[in-house]
Structures are given as structure tokens and as C-alpha cells.
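Colleague: The primary structure of each chain is shown beneath.
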Amino acid sequence: MEDTADRSLGIEEDVTPSSSNAVATLGRRRLLRHSWVGAAAPLVTLGGAAIATGCEERPPEGKPVPKSPEGALGASTVSDDPGRHLVARLTYGVTATDLATVERDGRSAWLEAQLDPSGMDTSDLDAKLGQLPALAMSTSELQTAHSTGSGAPVAAQLKLAWFIRAVHSPAQIFERMVEFFSDHLNVPTVNRRLSLLKIVDDREVVRRHALGRFDDLLVASARSPAMLLYLDNATSSVRGINENYSRELLELHTVGRDGGYDEADVVSLARLLTGWTIDRSTGEFRFVARDHDAGALSVMGWQRPSAGDPFDHGVEFLRWLAMQPATATHVCTKLARRFVADEPSPDMVDAMAAAWSANDSSIAPVIRSMVDHGAFERSVGAKFQRPLDHVAAALRALDADVRPSNDLGQLAELHDALATLGQVPFEWPAPNGYPDVEGAWLNAGALLNRWNLVGDLAAGASEVIRVDLGAIAAGLRGMTSDEAVAALAQRLLNRAPSEMDRRALATATGWRPGSSPTPDQIDDGITAAVVTLLTSADAQYR
Amino acid sequence: MALRLNRRNLLKAGAVGGAAAALAGTLPSPAGAAGAAGAAGAPTLGRHNPPGRLVAVFLRGGQDHLSATVPYTDADYYDRRPRIAVPDGAVLDLDGRFGFHPAMTGLHSLYRDRRLSLAVATGNPAGDRSHFFAQDLVEHGDVRIPDDGLGWLGRHLGRTETDDASPFRGLTLGNHVTASLRGHPALGIAAIRSFGLGGASGATTGLGSTYRAGYGHDRPVDMFGRQALDAAEQIATLDAASDPDPLARGFADTAILLEADIGIEAVTVDMGGWDTHAQQGTHDRGEMADLLGTMDAALSDFQADLDRRGLVDVTTVVMTEFGRRVLENGAGGSDHGWGSAMLVMGGAATGGVHGEWRGLSDDATGERGDVPVTTDGRDVLGDLVVDVLGGDPSEVFPGHSWKRVGVTA
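Note that the protein sequences, when read in sequence, are chains A and B. Throughout the first sequence, residue numbering follows the working numbering, covering 1 to 542 in sequence. Throughout the second sequence, residue numbering follows the working numbering, covering 1 to 409 in sequence.
No lab work stands behind these hints: they were computed from the structure. A couple of the hints might just be wrong.
For the chain B half of the interface with chain A, some residues (derived, Cβ under 10 angstroms), not all of them [said to hold, decoys possible]: (1) TYR77; (2) THR172; (3) GLY216; (4) ARG219; (5) PRO220; (6) LEU229; (7) LEU238; (8) VAL312; (9) HIS336; (10) PRO398; (11) GLY399; (12) HIS400; (13) TRP402.
Every residue, glycine too, gets a C-beta built ideally from N, C-alpha and C.
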């Protein structure tokens, strides 16, 4: 059997993650005052190319992948139940509620409800988010709030909202797509001005279009003051163009490195987008004709019309670009990498791209085609969880409560803890977003950090993220050790315990097999039991 | 007592199908190294004993070397950079052609003591202007992404792997292992003080044996889990740096780790912030001056620390993914270029300025408008592979024929 590990080594997207306090910032302007910042700032490495579409070698189609990777002791480790798999992949973590819904209504119905979340009851979620006022503020309100120092820093509110939504929102697929496009059209909150603008970008650009059409999303992003500032298009003018945005627009946001453009196209596109800038007084988008290069040009074979509004020409080009097959393939490859496997099946990507092209770049049909493809079901247990995936899944399994805290000290502690794992929402400093393959995240130090963080959260060390193991422990009273272990494995890992789980828990808790632990013994051992299962090797995958 | 991780067995286990293949597509899995190097090459008997140890610093973002290593006698430099050029009266002279930016006093001292070598007009022949791609090319040591997908250090460590190798041969100071180490199961250590079981609550303190049993299979995740436990046990015995500035602490931890006898051969370190598209500032104020001052202090303090600890065998190399265009841009900054400069500090460094400088005329910079690459960066790294790592450049840089530059001996 061929060793696919070998061939995978040359075909990866960017595999170099960074911590929040990115040493390795490719920042425009002064992204960081120091090369390494922050209290617990780990050294960060950033590098690697976005070569998502540059695959020369692909794994053979139809290559058999075991449904459930078996542990050496014979017990199935990651459950291959299709309902669980669907929920695990498309949400932030399996809960009993989701499983029950899928069981009752079927996978299709569950998926369709998730793809149109407008009818969902979000009152509990809204109550929490309502305590983070920055989320709803306009640019000028944010400016005022920040300068008067009221409330938690706006960036902190945005990041906390990420957690609240990941753990508590019923619209899970929507939130996952918001995260996907936040990475894809990355604007980091690495300075005050970008943080303010990113809150607006998150609300008006990403959240507005995450389950809509990609062409609408792209145009909105190109007009977004956050993006205009971050990638310097705001200061690009006919008197001196700046290529930064036009380059990333082609390389990262749409057609990809091998998508059929050259350096001349980068320059022409930059010319086309001159004058797309930020109004000095309102902080909102403004097209300044005086700064615009209205001359003839062509980009990748697209010719600028000789008549019509020069601003409209830019919008027209962006829609044309969004519908290019290379864009569909590039973005669908990334989607498949996010939700299915590090090396997506080319056949699946083709099916997704076809759905894109047939539906004016609408995202929901693309997701349906992905889930319907055989490669989706065959990928059980294949995705290594990124740090935030892993933490969110643990919190959902524990029924944790993420509080809309305004306490700066508590928020800073949470921030620093996440920074050691290398992933804080909205803090990847480069335009390409957090990487999405196992090789970027898995190493010995990373595991150690995850074990410790999940341990801290389960032990109640965070005031912001409240975990109550008491309720879980109470539910185990009266059970034998075996029953208790099975109940915990079912709740936390959605499967029966393996032999290895049983042995590990016996060691960690002191609950002797064949006996019934007393309530005190259960209480004494519950943290170790929960942590052992949530930090197990299998819990690193979904 | 050095910890042992039986690499040969792990490499073989990883290469077999089953669970490992199901979870394949990952790096740095032992399967990758086996597929690329271990299986093909003859197993090396006995431990690899390099002449020295290497610290490889990567300046992320494309450092504007024309502001760091200033060609101050070149009129074209001043013509093309009316706003951002470093005045010739401000530079710290090196060899009558180049001078350091005034913020680089520490490195200038080292140069005068013949402990710092420079190579000018270096880079990757491919000349790509994308950060991501250019960084990858430098880290893979190739002009395209190579089929084996290995980093240059990963390739070297894989070729010189032995059965009783230390788990610390290659490591990154940081949570995420750099691409240059790809192919080698390298450790990422963010800080000595926080490396180990326990966290803030101590919830994981007692779980060492549980983890050892639970991460007991042959998948990459299991191997890394056991490596984490081994490493934690050993690092728990070391002092930890406590400087509040993370940059200073990172280099201080590096020195502590190098002094401890744990088998380190190569450490990678990153420093970011170099993508100065706008408002670089003047020679005495602004972003570039700050960046260079920070870099200078970090590197020269690190060398002083190494000297105090008597670590004469440690050589540091500093590189970036590309330099920046000769012509300044409209925003008081500079855009992505091509040729850059590399520094080699301490240890085996010979001193002096190396490489061929063709000047900055229109002929020299050509259509690209960049400093042309006249010395392949892999030649500079090749000197280090031979003189510090005890390796073979022809194995480390596939398809490249190494020519000695002379930055080390």
C-alpha cells in the first residue's frame, strides 16, 4: 500500500500557525510594537505558502480509509455513526441535544434547519451577547466607546463573543461558516484601529454573507474599511498604487496562486481598485474619484468597459472573479479541508465547485454537495482539531457556561491561556488565516499545552468559562465503576469506552473496577476522569 | 543521562498503513521522514556528533536589508530612496562599502571583533514575491516546493538520525514547529517555565502515567504525546528564564537549553514585524529603527549570554524570505523585493562581508528593480551545514550544487 503520508508532505496549504501574539507578523504597518508581545507570549513561527491549488500529486480516488481507526486493543475509538459524524464535523462539538434531533428528524432535516437558521430561537444567546455592547455599535460609536474607555476593550468583546457563539449558539453551521470566512478573508485585531473596524467587518461583511453568496461576500469585503486598511488599498491611488490588496485578493481570496494571473494582472487590479478608500470623518467606505485610475486596463483577460461608472467596473470585476472556476475550486478545496480532510478528495472538490458555479456562488448548495459526497462519510476521525475546535468541543460536552464578562483581568487570563495554544479568535496576523492541516498544529509541546488548558477549564480555573462538574458527578451516583465510565465516555466522547479508556480512568480516578464508588469518591475523582477523557488521543480528532 | 526515543522503530511503525495512513496527510509524521530519508539511506550507527550547534533566526515579513546593511557609498541608493535612505554620516561602517544602520551597535561590535559574517545579495533564485511562498522556499531549501515536503533542517536531521537520538535534536522556541524542521519530530517549546504537566490548576499534574498509557499506539498523535512527557520530565530539571519581555526571555531560554546537555543540534527562532510597506521612518525614528534596535539588542544580548555560559560551539544565522525593492514606494516604505542579506554570528563565523555586490544601477537591478541574488542563500546555509551541523549540503538541498561562501570555517 502506498504511503500517502509521503505524498501529502508536498501538498499543503499554509502550515505555519501563529499565536495571538504573533512574533511572525506579516503585518502591514505597525502590527505589533515588538516582535513578541504579551505576557505568556510564546515564540511564534509563521511561514509557509498558500499552495492550496498547487497540487500536482493527489491521493488516488477511492482509496480505502477505515471508518473507525481501531486502537491496538481492538475497541473502536472514534464512532462511525453517520449522525454523530455529521454533527461533529459541522458544529463546534457534539451535544446530546443535537444527537437527539438528528435521531428524531434525520440528518437531512437537521442540515436544512442549520442552513436556514433564521427561524431558530436565539433568545438565550442574544441575552448574553446583549451584554457586549460593542458588537452592535457603528464605527463612530466604537470610536467613542474606545476613546472613553467604557466597557471591556472592543477587541476583547469580539473574541469573547466568538466563544459564546461557538458554545451556545443553536446556529452552529452558520457560526462555523463565519469562522471559515473570517480565516479566508482574514483581518486581524492587532491594533486599535483594526479592532474597531473588524467589529464592523465581522457584523456587516462576514456574518451578513456567511451562508449567502460568495460574490456578495467578496464585494462587501473589498469595500470593508477593515480590509481596506489592513491590506493598504485605502492608501492606494492613481498617484501611487499599492499592490498589497490586489495581490492577496487574487492569491488568497479568489483564484489562488496558480489561478491564472501574473504580476501585470496584480498591477492592473490595483489600478482598478484605486479610490476605494475610507472616509476620514465617518470611517466608512467611500469611493474617491480623484484617487481613481480610470484608464483602460485588463485583468486576467477581463477588459474594463469603455463606458459606465468606474466604481461599478470594480464591482463587476469582483463578481466576475468570484464566478471563475479557479475561485470555486480554490475556496471549495479550503472548505473541504476545513470540514472533511486535510487532503480533500478531488472528486468531492469538483462536485462542490460545480454546485458553486450552478448556484451563483451560493454557499448552502456547496455544503450540501460536500455532505452528500461519499468522501464525507469516509472521513470519520480524520480531522485533527485546531485548538479552538478542541476547546469548544470540550466546553459543549461539559455543558459549560461562557459568561459575557467585562472583567479585564479575567479576560486577559483567558486570552493568555488561548495564546499558549496558538489560536485566539481574530489574532492570526497574516492575510491567509489560521492554517487547517494536522501538521501545522500537532507537536509534543502543543499536546502538553492542550492537556493543561483543558485541565484548567475542567477544574474551574476560569471565571469567564464556568464548568460545573458537580452536576456531572451527581449523575453518576449509585453506578458501578463500569457504568460510570461508560456514562462519561458516552457523554464526553459519544461512544462506548475502549479498554484503554477503562484502564486510564481506573488509574486516574481510583474507582476500582467491579465496585461502586461512593459519592465522595466520585466527587474526588470526577475532575481527573473528565480531563482524562477530554484530553485523550482520540479527543484530539473529530 | 540523555533521554532516548527509539526513532528507528517509530519511523518504521509510522510508515506502515492502517491507522497511521488513515490519519495521514500530516507533518511532521515519522512516516514522512521514513519515506523520504530513513528508508532510503543507510542507517547511521552511533550518535551523530556535529561540530557545533545552530540557531537559525528567521525574520518574517521580508526585512529591508538596504536599511540594515547600507551600501552607503552608492549614489544610486540615495537616488532611489530620497526619503528612507540611511544617511551616510549615520552608518556604522563595516568594510568601506557597507555600514550598519545606526541602531545596530551590538552587532557592529561583534563585526569589529570578527565574530560576525555578512553575506550580501543573497536569496532564493526563484525570486517569488509572495511572503508565504518565499518563506516556504527558503525553509524547504529549494526553488520549488519539493516532493519530499521536508524542511532543510528536517532533511539534515533525518539523514543523520540514529537509534539512540535525543528527542531534542531539533526544536523551535515557540509553540509551532517551523517548516524548516518539517520531516523531523521536532519539539516546540514556548518557554521553559511553562513547559510541563500541571497548568494553572494542577489538574494534569498527576496524569503522567495515564497519558503514557493513553497515548500508547503508533499514530503520530501518540508519538508526540509520549515525546511531550519525556521532554517535560527532562525540562523540569532546568532553570527557566524570567524576563518579562518575551523576546529576551525566548533567547534566554534558548541559551539555557543549549547549555543543558540534552542533545540539541538545531534551534529555530522567529522574529516578525518586518513587512514595512509604509512609514518606515527615518534613520533615528520610526518603525525600521525600532525593529533594527530590537533585533540588535536581542541578538547581541544572546551572544553575550552564550559567551558567559562558555557555549563557543553555537553559531547563529539570520535570514529573511526576501529583501525589499530598491526604489522606495509612495508611502514612505518599500515593497517586496528579492536579494537580501544574511548574518552569521558567533561560533564558527569568520567575519567579513561576503558575496558579490553589483550595485544598484538600472543594469544591476534590471526589470525587477530589485537587488539581484548573486549568492544562493543555500550556499550560505551549506557552509553552516558542513561547519556546524556536520552534514552534507548535497543531501540537505536537493538538486543544488553547494559552493562555499566562507561565512564560517
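Colleague: If you take the shortest Cβ to Cβ gap from B:HIS336 to chain A, is it below 10 angstroms?
Modeller: With Cβ-Cβ at 9 angstroms, under 10 angstroms, it holds.
Colleague: How about B:VAL312: closest beta carbon in chain A under 10 angstroms, or not?
Modeller: violated, 24 angstroms
Colleague: Taking the least C-beta to C-beta distance, is B:TYR77 closer than 10 angstroms to chain A?
Modeller: At about 21 angstroms, which exceeds the 10 angstroms cut-off, the nearest Cβ of chain A leaves the hint on B:TYR77 violated.
Colleague: Hint check: is the beta carbon of B:PRO220 less than 10 angstroms from a beta carbon of chain A?
Modeller: Check passed: Cβ of B:PRO220 comes within 6 angstroms of chain A, closer than 10 angstroms.
Colleague: Holds or violated: the hint that B:LEU229 contacts chain A, with Cβ atoms closer than 10 angstroms.
Modeller: holds, 8 angstroms
Colleague: Mind checking the CB of B:GLY216 against every CB in chain A and telling me if the closest is under 10 angstroms?
Modeller: Hint holds; B:GLY216 Cβ to chain A Cβ min 7 angstroms, cut 10 angstroms.
Colleague: May I ask you to test the interface hint for B:ARG219 with respect to chain A, counting a Cβ-Cβ separation under 10 angstroms as satisfied?
Modeller: Cβ of B:ARG219 sits 7 angstroms from chain A, so the hint holds.
Colleague: If you take the shortest Cβ to Cβ gap from B:THR172 to chain A, is it below 10 angstroms?
Modeller: holds, 6 angstroms
Colleague: For the hint on B:LEU238, just tell me whether its beta-carbon gets within less than 10 angstroms of chain A.
Modeller: violated, 15 angstroms
Colleague: Does the closest beta carbon of chain A sit nearer than 10 angstroms to the beta carbon of B:HIS400?
Modeller: violated, 17 angstroms
Colleague: Double-check B:PRO398 for me: the hint is only fine if its C-beta lies closer than 10 angstroms to a C-beta in chain A.
Modeller: violated, 12 angstroms
Colleague: Take the shortest C-beta to C-beta distance between B:TRP402 and chain A; is it under 10 angstroms?
Modeller: violated, 23 angstroms
Checked against the numbered hints above, the structure violates hints 1, 7, 8, 10, 11, 12, 13; every other hint is satisfied.
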